[in-house]
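Generate coordinates for the entire structure from the input sequences, incorporating the hints supplied.
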Amino acid sequence: MKGADVNIEGVSKFFGSFQALKNVSLSISKGEFFSLLGPSGCGKTTVLRLIGGFEDPDSGSIAIDGKSVAGLPPDKRRCNTVFQSYALFPHLSVFENVAFPLRIRKVPQQLVREKVMHYLSLVQLEMHAPKKPSQLSGGQRQRVAIARALINEPSILLLDEPLSALDAKLRQHMLMELDTIHDKVGITFIYVTHDQQEALSVSDRIAVMNMGEVLQIGTPRQIYENPATEFVARFIGETNVFNLKIISVDGTKIRGETEGLGSMFVDDETDAKPGEMVLATIRPEKIRISTEIPETNGGRINILHGFVAEPIYSGFQTKYVVQLDTGMLVTVYRQHANWSEGIPDIEWKDEVYLSFSAADMVIVETQGQ
Amino acid sequence: MRKQVGLLYTLPQILWLVVFFAAPLCIIVMYSFLKKGLYGGVELQFSLEAYTAMANPNIVLVTWRTLKISIIATVLTLLIALPCGYSIARSKNQAIRLFLVIVPFWTNFLVRIYAWIAIMGNEGFLNDILRALRLTTESVQFLYNQAAVILVLVYMYLPYAILPLFSTIDKFDFTLLDAARDLGATRFQSYVRVLLPNIKGGLVTAGLFTFVPIFGAYAVPLLIGGKDSYMLGNIIADQLTKTRNWPLASSISMTVTVLTTGLVFLIAMRKPREQKQVFDADPAFLQVAPDGKR
Ligand SMILES: Nc1ncnc2c1ncn2[C@@H]1O[C@H](COP(=O)(O)OP(=O)(O)OP(=O)(O)O)[C@@H](O)[C@H]1O
Ligand SMILES: [Mg+2]
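One line per chain: the protein sequences are A and B, in this order. Mapping to my numbering: the first sequence position 194 is 194, numbers consecutive. All you need for my numbering is the position in the second sequence, starting with 1, plus 1000.
Each hint can be trusted.
Using 27 Å as the maximum straight-line C-alpha spacing, the simulated BS3-like pairs for lysine-lysine come out as follows:
hint, chain 1, residue 1, chain 2, residue 2
1, A, K169, A, K132
2, A, K115, A, K132
3, B, K1200, A, K132
4, A, K184, A, K30
5, A, K286, A, K319
6, A, K106, A, K2
7, B, K1171, A, K132
8, A, K184, A, K115
9, B, K1242, B, K1035
10, A, K286, A, K245
11, A, K349, A, K319
12, A, K76, A, K30
13, A, K131, A, K115
14, A, K273, A, K253
15, B, K1200, A, K131
16, B, K1092, A, K22
17, B, K1200, A, K106
18, B, K1171, A, K131
Derived by calculation from the structure, the hints in this document are not laboratory data.
If you want it as structure tokens, here you go:
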């Protein structure tokens, strides 16, 4: 395997008296596409700078391929970075930017040419080799930065929000290209983003961070379907959260009560005892919306009643914000897959029933808000 | 309308330049082509004497020496100013440090020269210390040589080099240095290969701001220097006040002016050097489909 694994254990980092990272532990395997996801200022870049060797941890340890990298300067580490702002050298052409690491190592001119053209063709930029970075578009700059970071054949590529400067369409395209490059070069990618969609679509695993803490690590599916905390549930996609007072627990079969809404069924694991309060969440796409009261057939189905406060049409689906009788707002997505079959349209102010299965509900921790 | 307003704003400047710069310059040019008067002043008679007189070996020697001192002092100034400007630009309290750079300007130029004499003179502070430590009994002659002149010139013009260097480095994107380190450059390599090429403009400005005034230096070599450090500025003054050869003083002044402005023009007009053309030898590299795909 060409990649390397990274082990971060109990790392904390202070800037003055401000603690940017709190006891962060991550273990990233060889060749993995690993994402760090979190809101602005949560410490993602700081983690990358620690791995890259630009900052030293105040406590904890970082090991690459099992060897501690403490005190090793950036030029001695086997990782290269695609910086948040690309950091292309403005005084050098695209060719010379990509050739920079080779020039430092005094590689012979013939070999420099071959390698640079190879990596430029990998990112489809051969045509632009003689240009200056200022003459390139945002997407092209980013690809130069990737080619430059790959040419030293690092074991780990650190990418700091490389797509944030691009428009939505180009972003999608570049994301797929990154994925292809990752498959081609087979090295470890550590990818920083605050865009959950980006992280979900390309990562092998994701670490969700907030305020210097890692809240959850898991596959995109685990993170989305089984968020550990309320913050993760709300940050990844949209969700509806109910305050539930536990009435009975029978294995994973939980019955609870929500103020004003009556009893509610949840199928999930919990340590909570009857009488305690928990947070139960349900994703908007897992709720059915109808104008007639749905059949439950004795199943563990929850039914709520309210009216449409806001229908938001967005082509492939309609998002309904439904106001329950208690005044609480619940978000529901309805796909338009079989629109043509004449399902009655639901409009503003319509009285509706919401139904969802207990199995689709997830209990989350309050902390990490 | 707009044009008239613009003219109105620039008019005071134009007047100022004409009265205090262009007119005196014309007078000097004129004087340099006239015959010298018996007791100073000039006679209204065309002559190239002032220029042929410059072939005097003594003047040639001093011109050469002035050039040498100016170059050494400028290079030293830049070498000191570069790390200063860099550390100010990277520091958190830029304002205080910049303030400290500017503080010496509050004291008169001559007073600061005399301060150096008070420190390094034969009866100066430094000699007092040496004697007190019983390292010497006689005074050590620090002053009145070229080294002392260069030292004081560097001191005098350091702020003029630090300020433009600071303002260029302040605009420099320091993540570029991180990027260089990331790509395998040592700290020193990152400065030479990334920082320096990107602050070339500031280096040139700082160099000019020191070289041009040092080339015309007068007070420092007069008060600090000895026989071996007489510079063009001193010869001009001598011709004016002692020898009373005004045309010669004018022709030497003209030489200094032409040399320094020539230098400035050369640097300002210099075309930005094109990137090394990697493709010169092998145009086949560009034989790819127009959309960039092979
Ligand atoms: N050199 C520094 N000095 C002081 N504080 C810093 C420094 N670098 C980062 N911080 C602080 O540490 C926190 C984390 O910063 P970091 O750059 O890691 O955030 P981020 O998650 O990358 O955010 P973004 O998505 O906006 O890039 C921020 O609150 C920031 O203000
Ligand atoms: Mg960041």
